[in-house]
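Student: Listed below are the residues making up each chain.
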Amino acid sequence: MRYLMLILEADTPVREPTPDIADWVAKHDASGARVMGERLRPAADVRRVQVRDGRTVVTDGPFSETKEVFGGFDVIEAADLDEALAIAAEHPGAHGASTIEVHPFWPTDGTAGATAWTPGGSAS
Amino acid sequence: MRSAAGRSPRAVTPPGVPSGPGDKAHPGERPTSASDVGTAVTEAFRAEWGRVLAAVARSTGDLDLAEECAQEAFATALRTWARDGVPQRPGAWLTTTARNHALDRLRRRRVEGAKVATAARLAERVDGVPGTDGTGVAGPDPVGAAVADALDEWPDAEGDEDLLRLVFACCHPALPLEGRVALTLRSLTGMTTAQVARAFLVPETTMAQRLTRAKRRIRSTGITFRVPPPELLRERVSAVLAVLYVLFTEGYDAWAEPAQHVAGCAERRALADDAVRCARLVARLLPDEPEARGLLALLLLQHARRDARLAAPPAAAPPAAATVPVSEPVLLEEQDRTLWRGDEIAEGLRVLDDALAERRPGPYQVQAAIAALHSSAPSAGETDWAEIVGLYDVLVTMTPSPVVLLNRAVAVAMLRGPDAGLEALGVVADAPELAAYHLLPATRADLLRRAGRPLEAATELRRALALVDREGDRRLLARRLAEVGAEPAEAPRGAS
Numbered sequence: 001m002r003y004l005m006l007i008l009e010a011d012t013p014v015r016e017p018t019p020d021i022a023d024w025v026a027k028h029d030a031s032g033a034r035v036m037g038e039r040l041r042p043a044a045d046v047r048r049v050q051v052r053d054g055r056t057v058v059t060d061g062p063f064s065e066t067k068e069v070f071g072g073f074d075v076i077e078a079a080d081l082d083e084a085l086a087i088a089a090e091h092p093g094a095h096g097a098s099t100i101e102v103h104p105f106w107p108t109d110g111t112a113g114a115t116a117w118t119p120g121g122s123a124s
Numbered sequence: 001m002r003s004a005a006g007r008s009p010r011a012v013t014p015p016g017v018p019s020g021p022g023d024k025a026h027p028g029e030r031p032t033s034a035s036d037v038g039t040a041v042t043e044a045f046r047a048e049w050g051r052v053l054a055a056v057a058r059s060t061g062d063l064d065l066a067e068e069c070a071q072e073a074f075a076t077a078l079r080t081w082a083r084d085g086v087p088q089r090p091g092a093w094l095t096t097t098a099r100n101h102a103l104d105r106l107r108r109r110r111v112e113g114a115k116v117a118t119a120a121r122l123a124e125r126v127d128g129v130p131g132t133d134g135t136g137v138a139g140p141d142p143v144g145a146a147v148a149d150a151l152d153e154w155p156d157a158e159g160d161e162d163l164l165r166l167v168f169a170c171c172h173p174a175l176p177l178e179g180r181v182a183l184t185l186r187s188l189t190g191m192t193t194a195q196v197a198r199a200f201l202v203p204e205t206t207m208a209q210r211l212t213r214a215k216r217r218i219r220s221t222g223i224t225f226r227v228p229p230p231e232l233l234r235e236r237v238s239a240v241l242a243v244l245y246v247l248f249t250e251g252y253d254a255w256a257e258p259a260q261h262v263a264g265c266a267e268r269r270a271l272a273d274d275a276v277r278c279a280r281l282v283a284r285l286l287p288d289e290p291e292a293r294g295l296l297a298l299l300l301l302q303h304a305r306r307d308a309r310l311a312a313p314p315a316a317a318p319p320a321a322a323t324v325p326v327s328e329p330v331l332l333e334e335q336d337r338t339l340w341r342g343d344e345i346a347e348g349l350r351v352l353d354d355a356l357a358e359r360r361p362g363p364y365q366v367q368a369a370i371a372a373l374h375s376s377a378p379s380a381g382e383t384d385w386a387e388i389v390g391l392y393d394v395l396v397t398m399t400p401s402p403v404v405l406l407n408r409a410v411a412v413a414m415l416r417g418p419d420a421g422l423e424a425l426g427v428v429a430d431a432p433e434l435a436a437y438h439l440l441p442a443t444r445a446d447l448l449r450r451a452g453r454p455l456e457a458a459t460e461l462r463r464a465l466a467l468v469d470r471e472g473d474r475r476l477l478a479r480r481l482a483e484v485g486a487e488p489a490e491a492p493r494g495a496s
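Protein chains in written order, with the UniProt record's numbering: chain A, 1 to 124; chain B, 1 to 496.
Keep in mind that the hints were calculated from the coordinates and are not lab data. Ideal placement from N, C-alpha and C gives every residue a C-beta, glycine not left out. Just so you know, not all the hints are guaranteed correct.
To be verified - Label-pair restraints from in silico Cβ distances: (1) Asp29(A) / Glu433(B): 42 to 50 Å; (2) Glu68(A) / Ser379(B): 54 to 62 Å; (3) Phe70(A) / Ser401(B): 31 to 39 Å; (4) Gly54(A) / Val403(B): 31 to 39 Å; (5) Asp336(B) / Glu68(A): 56 to 64 Å; (6) Arg107(B) / Val25(A): 38 to 46 Å; (7) Ala22(A) / Arg277(B): 45 to 53 Å.
What the hints assert, rightly or not - If we take Cβ atoms under 8 Å as the criterion, some of the chain B residues that face chain A in the derived model are: (8) Ala174; (9) Ser220; (10) Thr338.
Let the hints inform the model, and build the full structure from the sequences given.
Tutor: Here you go:
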């Protein structure tokens, strides 16, 4: 099953990968659990897009009141929720000032919807 | 109505099974046999429901499907056993039949490609049993007598392992707590949604929604039916035990409610029995976890006191106008200890000794040890309060919850007097967790009363009455307030 890990952290102008994050990435790349992941630029570079009445409205990020922003994300392939949570708990961000959200994917094998299910233990 | 206590008012029978020996499943057709079969199926339901459900849940990863197929298997048993006799190993027969039903349903859904893999996996398991042809329930008799004999070899351990996986999934911390408690109860006992709803005093639609949401979340978040990996085991065992304790408390609290005045009380009380059963099962499934036995011991020792938790108020209180004697809760110190159930206490003490021998203490073992000291004391006055305070000190280091500190203060008061108790209570005076908890002001009132400060006690009792949400405690508090008010007023002291 696939999970999106969103790393919620304080907004900073520069976001450099630390050695411990590099270790985490290397470990889960090697095991095949980490499908992909990226660092994201600071809130000032974020734009929101909405189309209303046929008009495209682009605004700055809604971050004036928000303390935490999405600093990065990873897509994880895990056997189940426990495994995904364990991988997230190993992320250095989970130990510091950040929070990690783990979002399960809808299955993408054509069985999406209310009846979608994943056979126990196997990857979808 | 204390004599009727103990017995569960709820007969758990599978759908379609006659509930009494006089009932006939198939009138006019071998009535005696049908009644025997009904009894056999009912017994199998009580003993095997959880395992049958667990086996299918594990194979399919789908608890909803597993429930349907397990129910179908019991219905099939009712028909088939009347014709072919009751198999020697009903549990193994039912598990195989339920798996066949699941296989059949999955095949019917085969158009949805993702399911083929699981169907194949199921077929493999079913084919592994000699005598089954793997074609599911295509024939009228999916498992013949020869198969039933072959299934005698079915290992018990496998059923237990599946059951444990089911328990861990139902108690997964990613599920909402209410859902965990209800789902665990339903999955382990086979109670219907309506029965679970009645026990928790919520409408059936509410309970159905709660169960459905929990089951859906198991699937959608990717909770699988497996025993957690070693690094998660301790935490997840705690989660399972916490669910069982919540379940027990739901039932045990009702033993301090005047049954004739509170709707659904008998059914709620039965939850305590159910929780003890579940705890017994979990303790057996987790032989390496002394805390599981600690919880079982705690539940047994507490439950053993249930008959003493309600009584008519002392004659000193003015008799109520109503003709029905109105009972109210009796605090531990004032209970008639001859009403405590000796056999259950003995079992609790045995289980606790067994757990403590592992020398891996935990909060449930410590709480059970406290309960054991109460159980062994002939009266409140002869209780080893010093030891109890010491155990609370240990408990505080393990779970520094305000409720533990509150109970510790009560023990301190018994050991060193009400003023020392009030001082100990000061630690939790402002705990936000207890802001709406009536037992905080109620405890303070009791200590103030014993310290000879009735005016302050009355203030605290009024505060407790404003918070209390239980009929039994409300009556006790109201009587206490009347008594305190009747006592001579405290000598004026400063500007209070």
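Student: Hints first: check each against the structure and report whether it holds.
Tutor: Against the structure, the hints:
1. Asp29(A) / Glu433(B): 42 to 50 Å: Given a distance of about 43 Å, which is inside 42 to 50 Å, the answer is holds.
2. Glu68(A) / Ser379(B): 54 to 62 Å: Holds, at about 58 Å.
3. Phe70(A) / Ser401(B): 31 to 39 Å: Given range 31 to 39 Å: holds, Cβ gap about 35 Å.
4. Gly54(A) / Val403(B): 31 to 39 Å: 59 Å, violated
5. Asp336(B) / Glu68(A): 56 to 64 Å: 58 Å, holds
6. Arg107(B) / Val25(A): 38 to 46 Å: Taking Cβ atoms as reference, Arg107(B) and Val25(A) lie about 43 Å apart, which means the hint holds.
7. Ala22(A) / Arg277(B): 45 to 53 Å: For Arg277(B) against Ala22(A), whose Cβ atoms are near 52 Å apart, the range 45 to 53 Å holds.
8. Ala174: 6 Å, holds
9. Ser220: Hint holds; Ser220(B) Cβ to chain A Cβ min 6 Å, cut 8 Å.
10. Thr338: With Cβ-Cβ at 49 Å, over 8 Å, it is violated.
Hint compliance for this structure: hints 4 and 10 are broken, all remaining hints hold.
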